[in-house]
Amino acid sequence: MQFLLSHENVEWKKYDQNIFFPEKIALGCQYIETEYAVLSADDDFLILTSLELCTDFLGKHSNYSSAQGLFFTHRVSQGFIKKTFWLISLYSTKASSLEEKTGANRITKYLHGESLYYPFYAVHSTNIFRLI
Numbered sequence: 001m002q003f004l005l006s007h008e009n010v011e012w013k014k015y016d017q018n019i020f021f022p023e024k025i026a027l028g029c030q031y032i033e034t035e036y037a038v039l040s041a042d043d044d045f046l047i048l049t050s051l052e053l054c055t056d057f058l059g060k061h062s063n064y065s066s067a068q069g070l071f072f073t074h075r076v077s078q079g080f081i082k083k084t085f086w087l088i089s090l091y092s093t094k095a096s097s098l099e100e101k102t103g104a105n106r107i108t109k110y111l112h113g114e115s116l117y118y119p120f121y122a123v124h125s126t127n128i129f130r131l132i
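For reference, each letter of the sequence shown is one residue, going 1 to 132 in this note's numbering.
Some hints could be false.
[Stated by the list, open to error] Taking lysine-lysine pairs in the DSBU-like style, the calculated list, with each CA pair at most 30 Å apart, reads:
no.: 1; residue 1: 109; residue 2: 14
no.: 2; residue 1: 109; residue 2: 24
no.: 3; residue 1: 24; residue 2: 13
no.: 4; residue 1: 24; residue 2: 60
no.: 5; residue 1: 60; residue 2: 101
no.: 6; residue 1: 101; residue 2: 24
no.: 7; residue 1: 13; residue 2: 109
no.: 8; residue 1: 24; residue 2: 14
no.: 9; residue 1: 60; residue 2: 109
[Said to hold, decoys possible] Beta-carbon label-pair distances, calculated as ranges:
no.: 10; residue 1: 18; residue 2: 53; range: 34 to 42 Å
no.: 11; residue 1: 63; residue 2: 12; range: 29 to 37 Å
no.: 12; residue 1: 42; residue 2: 62; range: 25 to 33 Å
no.: 13; residue 1: 57; residue 2: 16; range: 32 to 40 Å
no.: 14; residue 1: 52; residue 2: 18; range: 30 to 38 Å
no.: 15; residue 1: 105; residue 2: 9; range: 30 to 38 Å
no.: 16; residue 1: 105; residue 2: 28; range: 18 to 26 Å
no.: 17; residue 1: 121; residue 2: 63; range: 17 to 25 Å
no.: 18; residue 1: 6; residue 2: 105; range: 35 to 43 Å
no.: 19; residue 1: 57; residue 2: 26; range: 22 to 30 Å
no.: 20; residue 1: 11; residue 2: 45; range: 18 to 26 Å
no.: 21; residue 1: 57; residue 2: 131; range: 14 to 22 Å
no.: 22; residue 1: 24; residue 2: 46; range: 17 to 25 Å
No lab work stands behind these hints, which were simulated from the structure alone. Note that CB positions come from ideal geometry on N, CA and C, so glycine has one too.
Model the full structure from these sequences, guided by the hints.
Given below as structure tokens:
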């Protein structure tokens with residue numbers, strides 16, 4: 001962590017665990033200075049070429065609010081060393097919804113509990129994130 005924080009373009013923001021998730025996103029959006037932003041978990045590994053593919057996609061498809069690649073996961077079986085790896089879609093096909101007219105409407109619907117899935121751990125259009 002100290003290595004990352006030593007770079008002038010990296011900031012770490014930690015929010016109280018009692019703050020509701022959408023409020024953390026709103027607070028974090030105040031610091032974004034780029035056209036796109038990544039929301040990821042603390043155990044995610046981000047691959048630059050994948051991020052570039054996502055930003056290229058979003059640049060060509062303004063009706064989408066976010067883009068993501070495949071999810072790579074593994075499991076170590078108990079009692080003996082056997083590692084199993086999967087490369088899968090992180091969210092079900094229900095996560096890619098165009099039911100609402102805008103990306104901001106889709107995100108807002110999810111945050112209000114009206115939609116079960118939304119691909120939050122992804123590359124997002126900053127403008128749409130700020131509309132939430």
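Okay, the hints, checked on the actual structure:
1. 109 x 14: It holds: about 26 Å lies between the C-alpha atoms, which stays within 30 Å.
2. 109 x 24: Status holds; Cα separation ~17 Å.
3. 24 x 13: 10 Å, holds
4. 24 x 60: Status holds; Cα separation ~28 Å.
5. 60 x 101: 17 Å, holds
6. 101 x 24: 25 Å, holds
7. 13 x 109: At roughly 26 Å apart (the allowed maximum being 30 Å), residue 109 and residue 13 satisfy the hint.
8. 24 x 14: 9 Å, holds
9. 60 x 109: 24 Å, holds
10. 18 x 53: 34 to 42 Å: 36 Å, holds
11. 63 x 12: 29 to 37 Å: 33 Å Cβ-Cβ, so the 29 to 37 Å window holds.
12. 42 x 62: 25 to 33 Å: With a Cβ separation near 30 Å, residue 42 and residue 62 satisfy 25 to 33 Å, so the hint holds.
13. 57 x 16: 32 to 40 Å: Distance hint for residue 57, residue 16 holds at roughly 34 Å.
14. 52 x 18: 30 to 38 Å: For residue 52 and residue 18 the Cβ distance comes to about 36 Å; the hint holds.
15. 105 x 9: 30 to 38 Å: 32 Å, holds
16. 105 x 28: 18 to 26 Å: 21 Å, holds
17. 121 x 63: 17 to 25 Å: 21 Å, holds
18. 6 x 105: 35 to 43 Å: 40 Å, holds
19. 57 x 26: 22 to 30 Å: The hint (22 to 30 Å, Cβ to Cβ) holds, given that residue 57 and residue 26 are roughly 25 Å apart.
20. 11 x 45: 18 to 26 Å: 20 Å, holds
21. 57 x 131: 14 to 22 Å: For residue 57 and residue 131 the Cβ distance comes to about 20 Å; the hint holds.
22. 24 x 46: 17 to 25 Å: 19 Å, holds
Of the numbered hints listed earlier, not one is contradicted by the structure.
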